[in-house]
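Under our numbering, the residue at position 174 of the sequence shown is numbered 320, and the numbers go up by one with no gaps.
Since the hints were made in silico from the structure, they are not lab data.
Hints may be right or wrong, so weigh each one.
Unchecked claim - No farther apart than 20 Å at their CA atoms in a straight line, the calculated lysine to aspartate or glutamate pairs in the EDC-like style are these:
no., residue 1, residue 2
1, K158, D332
2, K271, E261
3, K162, E250
What the hints assert, rightly or not - What follows is a set of in silico ranges between Cβ atoms, one per label pair, in the way DEER data are often shown:
no., residue 1, residue 2, range
4, G313, E261, 22 to 28 Å
5, Q190, D266, 23 to 29 Å
6, G313, T153, 35 to 41 Å
7, L154, L269, 33 to 39 Å
8, Q248, L269, 31 to 37 Å
9, P179, E213, 23 to 29 Å
10, K311, K158, 19 to 25 Å
Beta carbons: idealized from backbone N, C-alpha and C, even for Gly.
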Amino acid sequence: MKKDSLTLQEKKSLLKVARQTLEMGLRGENLPPLDNTTQTPLLQADGVCFVTLTIDGKLRGCIGALEPYQSLVEDVREHALAAAQKDYRFPTVRPEELDEIQIEISRLTLPAPLEYIDADDLLKKLRPNVDGVILKDGHRRATFLPQVWEQLPDPRAFLSHLCQKMGEDADLWQRKNLDVLIYQVDEFRESRT
């Protein structure tokens with residue numbers, strides 16, 4: 147993800163917004179309006195991200211969007227709180243967990259269709275540790291960020307788990323040509339000292 151890459155300062159700014167949002171939101175405080183005068187044009191432009199929360203390296207929540215509908219800084223703010231409160235896989239993050247939470251932000255490129263002939267061709271075209279993958283079957287869809295390749299390095303297992311995440315049989319990708327889209331991310335996280 148080279149074009150319009152975020153600067154170190156912009157990344158720090160987004161992490162600060164995410165942290166402040168979590169702290170205030172989980173304590174029931176009203177969030178103040180964003181001060182756009184302090185945000186760069188890139189942070190104010192439409193953008194899309196996922197916010198991932200971990201404790202000791204273990205997933206605690208992850209929410210995001212695949213298509214832009216608001217500024218990047220607003221997207222970070224919305225998904226930081228949603229990752230803490232609305233990830234159905236986990237109970238709501240408690241305020242006393244805040245000191246243990248590490249925030250990671252993944253800024254996504256726009257998804258692009260991946261053309262393939264059959265399951266074998268799909269396996270050849272996937273780029274582990276580079277591409278995030280979206281599988282679509284009718285109205286159902288699911289995605290894994292590129293970071294998921296770390297836990298599922300085998301492309302067959304990666305696609306099978308993604309089918310299950312979509313609510314389908316693990317072998318659906320082998321039996322049926324699904325719509326496949328790929329994207330890349332610019333991923334950054336808080337440094338824990």
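For this session: Provide an ascending list of the numbers of those earlier hints which the structure does not satisfy.
Result: Going through the list in order, the structure violates hints 5, 10 and respects the others.
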